[in-house]
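J.: Listed here are the chains, written in short residue letters.
Protein chains: 2
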Amino acid sequence: MRIIKKIFSSSRSTEDGIFFDKLEKLLGFKPNNLNHYRKAFTHRSMNKMDEKGNAISYERLEFLGDAMLGSVIAAHLFNKVPNGDEGYLTKMRSKIVSREHLNELGKDFNLIQFVESKVSPQHFGENVHGNIFEAFIGAIYLDKGFVFCEKFIHKKIIKPYVDIDRLEGKVISYKSLLIEWCQKEKKSFTYEIYDDNGTGSQKFFGVKLHIDNKVIAKARATSKKKAEEIASKRAYFVFQQKIDNNS
Amino acid sequence: MRIIKKIFSSSRSTEDGIFFDKLEKLLGFKPNNLNHYRKAFTHRSMNKMDEKGNAISYERLEFLGDAMLGSVIAAHLFNKVPNGDEGYLTKMRSKIVSREHLNELGKDFNLIQFVESKVSPQHFGENVHGNIFEAFIGAIYLDKGFVFCEKFIHKKIIKPYVDIDRLEGKVISYKSLLIEWCQKEKKSFTYEIYDDNGTGSQKFFGVKLHIDNKVIAKARATSKKKAEEIASKRAYFVFQQKIDNNS
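Protein chains in written order, with the numbering used here: chain U, 7 to 253; chain F, 7 to 253.
Since the hints were made in silico from the structure, they are not lab data.
Nothing false has been slipped in among the hints.
Derived Cβ-Cβ restraints for the label pairs, each shown as a range:
no.: 1; chain 1: U; residue 1: 22; chain 2: F; residue 2: 185; range: 53 to 61 Å
no.: 2; chain 1: U; residue 1: 129; chain 2: F; residue 2: 34; range: 47 to 55 Å
no.: 3; chain 1: F; residue 1: 174; chain 2: U; residue 2: 203; range: 49 to 57 Å
no.: 4; chain 1: U; residue 1: 101; chain 2: F; residue 2: 246; range: 43 to 51 Å
no.: 5; chain 1: F; residue 1: 40; chain 2: U; residue 2: 193; range: 45 to 53 Å
Even glycine gets a Cβ: it sits at the ideal position worked out from N, Cα and C.
Hey, can you work out the whole structure from these sequences and the hints?
T.: Laid out in structure tokens, this is it:
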């Protein structure tokens, strides 16, 4: 394995190497075949064709990724909410895979940095982030198969982003839930911005949440508010037992 | 493994044994956990609950099966039609998983024989066959996981039932295609009904297609016409090379 990897590494171009490294960081594993990901980030304005003359763009992969997301989220909801009927499960899945939510995910993953296009990103349309996000999921499925794709969706999407209580409207904001608990328990808390980079639509904020002068959670997102909310949610799960006992 | 199987067999009730055997025949493999399939065939009129008080009926499993079918068919179309764009793929998938088609599949699998209900089948509504069919797919996924479920869908649904040329309207009838070829090639052909059983909506027809006095294909379906069409399609694939060379 090591030898194969070495040969592979040495035959890669520098550009491929950078793409591979960035992808690996995003995926949390080594991609097998970069071509699938290249397709997922190719806008149709590039007019690319494969060796058989079929058009290459992320649009076909969107269809595939949408289907994979749909079935993984369906299985997750089915197991997680054993008393939810068909109508409930359908409604919850629609919320999770809504255009709005997928656009957020695409932005948070900053996938647009990889897109190859002959038109400027301003002309992509507002759903481009969600569309590329779906295509990215499709590429993971082609590259690694269903089981791996499912694991990725669980680790990188369901765990950090999908919160059934919140989707049901039971929890409006984890930040306010956490602040309330800190005040009740007489604990000090601070949200510290430690990272603030990128420009325009690619701007990113990193937030550290300190409770009693200890960093309890960190989060990075496209707005300060969102990063604070994600960090609060992470802290909430750290303290969940305690908070639930106090409420 | 053999010992475990023996213990399992001897501890099964006769009723479970019959259910197990019928399922095995339908699935083409041994089910692990009969409970998933029992749920897939339980109508809500039974008012069954699990040990935690959650209602048991096939409706939740329909949601799961629909999602699994959707993703397996999506991956199949994606691979099979490399020049089909997102709109084409979406349209073809809708045709394959249409209510009408799923109802046909449910009927051909004769799944209604397994349904436990306190209301008579006449009151189930016309989509019951498709609904149980989806629930059945959901049960296979729970029992055996995605990869197995995908194999089942390929072997028992896509291979015998999904025909892209026909869905595209390129082939209207395999029977007429085959007859035309037989006449051109001066081959004799007969459609022989060898099986005609069941009553009412559960009626089944078995058809053998003889070409030059040799049985080339067999098929069983809920109407004589459908069984002839399926047998013709099977024979078509046997002779495909020859037919394509002649047309």
